[in-house]
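Participant: Could you slot chain P onto chain C? The hints should help.
These protein sequence lines are chains C and P, in that order.
Here the first sequence is numbered in my numbering, starting from 27 and rising by one per residue.
Here the second sequence is numbered in my numbering, starting from 267 and rising by one per residue.
Rather than coming from a laboratory, the hints here were simulated on the basis of the structure.
This structure is a prediction, so every number in the text was calculated from the model and none was measured.
All residues carry an ideal CB built from backbone N, CA and C; glycine is no exception.
Wrong hints could be hidden among the right ones.
[Claimed, not checked] Each pair of labels, with its calculated beta carbon distance range:
{"no.": "1", "chain 1": "P", "residue 1": "D296", "chain 2": "C", "residue 2": "P147", "range": "30 to 38 Å"}
{"no.": "2", "chain 1": "C", "residue 1": "D122", "chain 2": "P", "residue 2": "D306", "range": "21 to 29 Å"}
{"no.": "3", "chain 1": "P", "residue 1": "D296", "chain 2": "C", "residue 2": "R148", "range": "34 to 42 Å"}
{"no.": "4", "chain 1": "P", "residue 1": "V377", "chain 2": "C", "residue 2": "D58", "range": "31 to 39 Å"}
{"no.": "5", "chain 1": "P", "residue 1": "P339", "chain 2": "C", "residue 2": "T60", "range": "40 to 48 Å"}
{"no.": "6", "chain 1": "P", "residue 1": "A280", "chain 2": "C", "residue 2": "R64", "range": "36 to 44 Å"}
{"no.": "7", "chain 1": "P", "residue 1": "L273", "chain 2": "C", "residue 2": "S75", "range": "20 to 28 Å"}
{"no.": "8", "chain 1": "P", "residue 1": "T401", "chain 2": "C", "residue 2": "E31", "range": "48 to 56 Å"}
[To be verified] Listed below are several chain P residues computed to face chain C (Cβ distance under 8 Å; list not exhaustive):
{"no.": "9", "residue": "A280"}
{"no.": "10", "residue": "H283"}
{"no.": "11", "residue": "E286"}
{"no.": "12", "residue": "R308"}
{"no.": "13", "residue": "D312"}
{"no.": "14", "residue": "H319"}
{"no.": "15", "residue": "A322"}
{"no.": "16", "residue": "S324"}
{"no.": "17", "residue": "T325"}
{"no.": "18", "residue": "T347"}
{"no.": "19", "residue": "L350"}
[To be verified] Pairs of lysine to any residue residues, derived as SDA-like cross-links and limited to a Cα-Cα distance of at most 25 Å, are as follows:
{"no.": "20", "chain 1": "C", "residue 1": "K133", "chain 2": "P", "residue 2": "V317"}
{"no.": "21", "chain 1": "P", "residue 1": "K272", "chain 2": "P", "residue 2": "K340"}
{"no.": "22", "chain 1": "C", "residue 1": "K133", "chain 2": "P", "residue 2": "R308"}
{"no.": "23", "chain 1": "P", "residue 1": "K272", "chain 2": "C", "residue 2": "T83"}
{"no.": "24", "chain 1": "C", "residue 1": "K133", "chain 2": "P", "residue 2": "R351"}
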Amino acid sequence: MPQPEPVQVVKQRRDAALKALVAGVPYIRFLDITFDRRGDELTGVLHFSDRVIGNPTLPAIHGGVTAAFLEVTSIITLSWAYLWPDIESGEIDLTDVTPETMPRLPKTIDFTVDYLRTGLPRDAYARATVNRQGRRYASVRAEAWQDNKDRLFAQATGHFLMPGKRGG
Amino acid sequence: MDHKEKLAQQFITALPHARELGLTVTRIGDGHAEIAMPYDPRLVGDPATGVIHGGAVSTVMDTCCGAAVMSHPKSTGVTATIDLRIEYMRAATPGQTIVARATCHHITRSVAFVRAEAVDDDTGRPVAVASGSFTQEGR
Numbered sequence: 027m028p029q030p031e032p033v034q035v036v037k038q039r040r041d042a043a044l045k046a047l048v049a050g051v052p053y054i055r056f057l058d059i060t061f062d063r064r065g066d067e068l069t070g071v072l073h074f075s076d077r078v079i080g081n082p083t084l085p086a087i088h089g090g091v092t093a094a095f096l097e098v099t100s101i102i103t104l105s106w107a108y109l110w111p112d113i114e115s116g117e118i119d120l121t122d123v124t125p126e127t128m129p130r131l132p133k134t135i136d137f138t139v140d141y142l143r144t145g146l147p148r149d150a151y152a153r154a155t156v157n158r159q160g161r162r163y164a165s166v167r168a169e170a171w172q173d174n175k176d177r178l179f180a181q182a183t184g185h186f187l188m189p190g191k192r193g194g
Numbered sequence: 267m268d269h270k271e272k273l274a275q276q277f278i279t280a281l282p283h284a285r286e287l288g289l290t291v292t293r294i295g296d297g298h299a300e301i302a303m304p305y306d307p308r309l310v311g312d313p314a315t316g317v318i319h320g321g322a323v324s325t326v327m328d329t330c331c332g333a334a335v336m337s338h339p340k341s342t343g344v345t346a347t348i349d350l351r352i353e354y355m356r357a358a359t360p361g362q363t364i365v366a367r368a369t370c371h372h373i374t375r376s377v378a379f380v381r382a383e384a385v386d387d388d389t390g391r392p393v394a395v396a397s398g399s400f401t402q403e404g405r
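Next comes chain C alone, as it looks inside the complex:
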């Protein structure tokens, strides 16, 4: 039986790949969204600041930011799921990736957001689930919460056009 990979090697490879995927997108930095990883499970974190406030009298997170947070989480989770086998096999190395060599991201076809509660002035979290990923199209749903995971403040569903395996 072959020796399992040392844990640091596995973690370094996965964290470097995730960092490359997220750091390449200026808009994700603009909104100050980061991703926590447990194995292949990702959680998006929207770090609260006054910049994301919509209604200043409540104050509440702008509905557009909530939509963007769910869309970013959907796209990154979908890409991550799609690239995972190649990252694990070593076929894709994202360590020294540049904007030019970064894998192309899926393109949003449509996105529907259901606003359930006011986004409070504090951090928000989101997870996306790939309902189905075919060769060309994918269906993804995403959920966002703040203090309590069972009390979602928004959820969304969207369809995406998958990139070609290389470039495309």
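Facilitator: Below, chain P without anything else, positioned relative to chain C:
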């Protein structure tokens, strides 16, 4: 622009995130609104092409739809998004301002229905279209 429209414009441009995006209200009144978002490299979603992220387009659409509701003669002036669906028809051309136009086409005592589209310089081919429902509060 009458008093109510001026108030709506001031309200929109006072939203911290709208200021962050540099949104300007170019037309508002009678259930219609038009909001412009200048091109900004910080909003890029695809670094290889420089195309603006769909999330930023969602934000200008959502803001514009809310503004259209607020400007409707029958509106209470207080609204929140219940649901918003966006269809992305093509990538916005890098470097160009995105303009959203929204119409509140029906309003009841509790709900407002809105349709919107977003264009860049090529105004004949929308970048995205949206439809949504919004609350009517404070009655």
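Participant: The structure should be examined with respect to each hint, and the outcome stated for every one.
Facilitator: Outcome of the hint check:
{"no.": "1", "hint": "D296/P with P147/C: 30 to 38 Å", "result": "33 Å, holds"}
{"no.": "2", "hint": "D122/C with D306/P: 21 to 29 Å", "result": "28 Å, holds"}
{"no.": "3", "hint": "D296/P with R148/C: 34 to 42 Å", "result": "37 Å, holds"}
{"no.": "4", "hint": "V377/P with D58/C: 31 to 39 Å", "result": "33 Å, holds"}
{"no.": "5", "hint": "P339/P with T60/C: 40 to 48 Å", "result": "44 Å, holds"}
{"no.": "6", "hint": "A280/P with R64/C: 36 to 44 Å", "result": "40 Å, holds"}
{"no.": "7", "hint": "L273/P with S75/C: 20 to 28 Å", "result": "27 Å, holds"}
{"no.": "8", "hint": "T401/P with E31/C: 48 to 56 Å", "result": "53 Å, holds"}
{"no.": "9", "hint": "A280", "result": "7 Å, holds"}
{"no.": "10", "hint": "H283", "result": "4 Å, holds"}
{"no.": "11", "hint": "E286", "result": "5 Å, holds"}
{"no.": "12", "hint": "R308", "result": "5 Å, holds"}
{"no.": "13", "hint": "D312", "result": "7 Å, holds"}
{"no.": "14", "hint": "H319", "result": "4 Å, holds"}
{"no.": "15", "hint": "A322", "result": "6 Å, holds"}
{"no.": "16", "hint": "S324", "result": "4 Å, holds"}
{"no.": "17", "hint": "T325", "result": "3 Å, holds"}
{"no.": "18", "hint": "T347", "result": "4 Å, holds"}
{"no.": "19", "hint": "L350", "result": "5 Å, holds"}
{"no.": "20", "hint": "K133/C with V317/P", "result": "11 Å, holds"}
{"no.": "21", "hint": "K272/P with K340/P", "result": "17 Å, holds"}
{"no.": "22", "hint": "K133/C with R308/P", "result": "19 Å, holds"}
{"no.": "23", "hint": "K272/P with T83/C", "result": "19 Å, holds"}
{"no.": "24", "hint": "K133/C with R351/P", "result": "16 Å, holds"}
Consistency note: the structure conflicts with none of the earlier hints.
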